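K.L.:
Note that the protein sequences, when read in sequence, are chains A and B.
Using the working numbering, the letters of the first sequence map in sequence onto residues 1 to 319.
Using the working numbering, the letters of the second sequence map in sequence onto residues 320 to 895.
Careful: at least some of the hints might be erroneous.
Said to hold, decoys possible - Below, computed lysine to aspartate or glutamate pairings styled on DMTMM-like, alpha-carbon distance capped at 20 Å:
1. LYS215/A - ASP383/B
2. LYS384/B - ASP173/A
3. LYS529/B - ASP554/B
4. LYS215/A - GLU429/B
If you are wondering where the hints come from, they were derived from the structure by calculation, not from laboratory data.
The structure displayed is predicted, hence computed values, not measured ones.
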Amino acid sequence: MFAVPTLFAVSIIAFIIIQLPPGDYLTTLMADWASQGGAVEAGTVAAMRERYGLDQPMYFQYYKWMAGILMHGDFGISFELGKPVTELIWSRLGFSLLLSLLTLCFVWAIAIPIGILSAVRQYSISDYTATFLAFFFLAVPDFLLALSAMYTMSAWFGQSVGGLFSAQYIDADWSFGKLLDFAQHVWLPVVVIGLGSLAALVRIMRANLLDELSKPYVTTARAKGMSELELLIRYPVRLALNPLISTLGWILPAVISGEIIVSVVMSLPTTGPLLLRALLAQDMYLAGSLILLISVLTIIGTLVSDLLLALTDPRIRFQ
Amino acid sequence: MMRMEDDVILKVEDLATSFPTRTGLFNAVDGVSFALKRGKTLCVVGESGSGKSVTARSILQIVDKPGRIDGGSILLARPDGSITDLASLDPRGRDIRTVRGKEIAMIFQEPMSSLSPVHRIGTQIGETLRIHFGIRGQAQRERVLELLRQVEIPRPETAIDRYTFEFSGGMRQRVMIAMALACNPQVLIADEPTTALDVTTQAEILSLIKKLQTAHGMAVLFITHDMGVVAEIADDVLVMYRGKVMEQGPVEQIFHAPANAYTRGLIGSVVKLETKAEVRLKRAPIPEDAPPLLDVKNLSLTFPSGLKAVNDVSLFVRPGETLGIVGESGSGKTTMGRCLLRIYDPEVGTMVFRRPDGHSVDIRTADRGDLKDIRREVRMIFQDPVNSLSPRKTVGQIIAEPLKLAGMKGREREDRVAELMQQVGLEPAWRERYPHAFSGGQRQRIGIARAIAVKPRLIVADEATSALDVSLRSQMLDLMMKLQDELGLSYIFISHDMSVIRYMCDRVAVMYRGRIVEVGDTDQVVHNPTHDYTRALLSAIPHPDPRDRRIHKRFRYDAAAPVALTHPLPETLDLS
Numbered sequence: 001m002f003a004v005p006t007l008f009a010v011s012i013i014a015f016i017i018i019q020l021p022p023g024d025y026l027t028t029l030m031a032d033w034a035s036q037g038g039a040v041e042a043g044t045v046a047a048m049r050e051r052y053g054l055d056q057p058m059y060f061q062y063y064k065w066m067a068g069i070l071m072h073g074d075f076g077i078s079f080e081l082g083k084p085v086t087e088l089i090w091s092r093l094g095f096s097l098l099l100s101l102l103t104l105c106f107v108w109a110i111a112i113p114i115g116i117l118s119a120v121r122q123y124s125i126s127d128y129t130a131t132f133l134a135f136f137f138l139a140v141p142d143f144l145l146a147l148s149a150m151y152t153m154s155a156w157f158g159q160s161v162g163g164l165f166s167a168q169y170i171d172a173d174w175s176f177g178k179l180l181d182f183a184q185h186v187w188l189p190v191v192v193i194g195l196g197s198l199a200a201l202v203r204i205m206r207a208n209l210l211d212e213l214s215k216p217y218v219t220t221a222r223a224k225g226m227s228e229l230e231l232l233i234r235y236p237v238r239l240a241l242n243p244l245i246s247t248l249g250w251i252l253p254a255v256i257s258g259e260i261i262v263s264v265v266m267s268l269p270t271t272g273p274l275l276l277r278a279l280l281a282q283d284m285y286l287a288g289s290l291i292l293l294i295s296v297l298t299i300i301g302t303l304v305s306d307l308l309l310a311l312t313d314p315r316i317r318f319q
Numbered sequence: 320m321m322r323m324e325d326d327v328i329l330k331v332e333d334l335a336t337s338f339p340t341r342t343g344l345f346n347a348v349d350g351v352s353f354a355l356k357r358g359k360t361l362c363v364v365g366e367s368g369s370g371k372s373v374t375a376r377s378i379l380q381i382v383d384k385p386g387r388i389d390g391g392s393i394l395l396a397r398p399d400g401s402i403t404d405l406a407s408l409d410p411r412g413r414d415i416r417t418v419r420g421k422e423i424a425m426i427f428q429e430p431m432s433s434l435s436p437v438h439r440i441g442t443q444i445g446e447t448l449r450i451h452f453g454i455r456g457q458a459q460r461e462r463v464l465e466l467l468r469q470v471e472i473p474r475p476e477t478a479i480d481r482y483t484f485e486f487s488g489g490m491r492q493r494v495m496i497a498m499a500l501a502c503n504p505q506v507l508i509a510d511e512p513t514t515a516l517d518v519t520t521q522a523e524i525l526s527l528i529k530k531l532q533t534a535h536g537m538a539v540l541f542i543t544h545d546m547g548v549v550a551e552i553a554d555d556v557l558v559m560y561r562g563k564v565m566e567q568g569p570v571e572q573i574f575h576a577p578a579n580a581y582t583r584g585l586i587g588s589v590v591k592l593e594t595k596a597e598v599r600l601k602r603a604p605i606p607e608d609a610p611p612l613l614d615v616k617n618l619s620l621t622f623p624s625g626l627k628a629v630n631d632v633s634l635f636v637r638p639g640e641t642l643g644i645v646g647e648s649g650s651g652k653t654t655m656g657r658c659l660l661r662i663y664d665p666e667v668g669t670m671v672f673r674r675p676d677g678h679s680v681d682i683r684t685a686d687r688g689d690l691k692d693i694r695r696e697v698r699m700i701f702q703d704p705v706n707s708l709s710p711r712k713t714v715g716q717i718i719a720e721p722l723k724l725a726g727m728k729g730r731e732r733e734d735r736v737a738e739l740m741q742q743v744g745l746e747p748a749w750r751e752r753y754p755h756a757f758s759g760g761q762r763q764r765i766g767i768a769r770a771i772a773v774k775p776r777l778i779v780a781d782e783a784t785s786a787l788d789v790s791l792r793s794q795m796l797d798l799m800m801k802l803q804d805e806l807g808l809s810y811i812f813i814s815h816d817m818s819v820i821r822y823m824c825d826r827v828a829v830m831y832r833g834r835i836v837e838v839g840d841t842d843q844v845v846h847n848p849t850h851d852y853t854r855a856l857l858s859a860i861p862h863p864d865p866r867d868r869r870i871h872k873r874f875r876y877d878a879a880a881p882v883a884l885t886h887p888l889p890e891t892l893d894l895s
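Starting from the given sequences, assemble the full structure and let the hints guide the process.
P.N.:
In structure tokens:
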């Protein structure tokens, strides 16, 4: 229920952030032209400023922008590329979302079993190994990981890296071949983006499970005659997953921001590189829309994790 | 081939269970032997740390890590005549698993945490049937419903799909019992099953276990620290102390002709609490016309949930007097006690406190400055001696804390701390130690020393002895009475334990659902209760004399019978 005002606040903040740097798109443009030796007449600038509505006060610009989004789904026009923002964003946003979801699935699928193993065999070799690797990947910055992964893959295995598709498929329609090609490309960024969050989740799962393992209801279940494996999955793991679900709320933003950096390095056709370029050029509607949409995704993620938690934990459902 | 006498289902011989620690092996159970007979109840009693619970868990091989069975045998006789030594089985193997839950079932102390909060109770009970007999689906549901009816859970058809937190403590324990009975076990091990329950609920559960035992012909191994419960239900008793058996025999012999010194001491400390303390019998009565130190009138507090935790409560305390407040969990006694120090802000009523200079202040409306002074004169002692002391401070610092706040400094403060420690029976030389180095009883003494540090006039003791073993309990009460006489203190003594109230209180107020239903001189309330609730409460208290078993004949208070299902509210609100 708090999602709506939160979204509203986020849109304002997104707008303020892109207005914060001194100057606007036109000053950047002027600087560009000037550096190329072109003379600019003051009248031209004023005319353009009026055309883009940049001479109006900030709240009015915000109002116009929001009204466009809410009434017509119109996110404004990218100054730099001269195209509507909507057109530029949608395909990239789709890939961003897909990449994030794949990463989440990857992270969960790997983190949970390792976390369980780590907790059940506490202080064993496997626990220490998992712990060491977890901290190692937590510490290595995303971009470094991306670079070294790319280097390794292309130098030693000769695989084409970067992008989500091979050259011949980029503009092709979806087909089985394209899907296969996508799968061949996508796993590397998924692994690279995921490893950082993976490490955190392994630690959380381990800690949760260790707490649960010593709870009296585990003894009760054991006293029923349940086998150790069934017991483990059915009770402590089941309960340890609940706090993990609520981590979805912050894993999602972490994945998305990690995705931005990694995408730039690996030149993926997602929103990341676009956002960076838009920010550098002070292309305010494009940047603003991207920040807004990414924030919206995050808020939706949090909402989804809350709903999931209510679904899995009756104690929350009944409150 | 091993042979066992008739009737004996389980025979434990020379059982030893130990826990490896950094300093070597800790022998939690050390050479314990006993036999369980069909249809009989064996009570294992002992104070905390005596190894009684580990003994029970050893039988099913569910001792917590890193404990393990070192020696001895646990022979289980089956109806077909075969005998298995449970101690020799692999704790993770299939053989022991077929015994667990099917032939020997167990119920635990804390029914809330011993049941999973995220699984429906029907699932949790039904699981046992699935594991041992492969009963699933509708057949399983039918059987679970039947079990719920057996343990007298109201409306089983809806209860089966509910979660544990929707039940009250007593109902949860019934669920545990239903779960244990699912496979008709020959042996039921009950590990302090009523310790976390109110006396009236305890009485219900004890009768239920007795009834089911008779119906199923089970042998019951009942672990408890409460000698009253032992006297009410046991056929035989095993007294444990530090992992060893001190004495065992028929209940009659244990209570009336104990041979062992430890048993005598244990029975003695229980019986001592059955009467009023000698120091109180000898003391001249408090003059009736003495002006009250604290006069509470029409106090009410409603929680945001709408629950009237304190409802129109009026009471008074005279100087030098002990007022007991007795009630079950959820009765509002703790909340009321906290109102007296304005930890909660009651909306209605007056709490007039007489200052030493003679003029009176209403605590409810007192301003910051007055409140600060009042809190120096009215102190509190808490139930949990572990969590109410900061683990990062030395005992000296803990006791000095209120003195520091009162502005006492340097040498003077040090001397006062030493004096206080002596007063409560602690060595002043221990002042540099941390709380964890002390036993439960000693920690509660630290709490008392902290409370009396700034020479208060009234102490609100909230279940101050509930977490202590019975032998320590009377010592603590004696200490409190000694301090009362030395320092002229008044106490408001909040407790659910009638024996503690009877031992030291001059007057007692009985609380029920936020109201005071009866108030009067302790003797009069205990021997001639006027309110039905008080009668029910008194008759549910186990009496530590096996010749006078009476909770089966107890008086039940049904006037406003609590809705058994879906009223977890009062319990969750009891902050004690």
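K.L.:
Give a verdict on every hint.
P.N.:
Evaluated hints:
no.	hint	result
1	LYS215/A - ASP383/B	10 Å, holds
2	LYS384/B - ASP173/A	60 Å, violated
3	LYS529/B - ASP554/B	12 Å, holds
4	LYS215/A - GLU429/B	11 Å, holds
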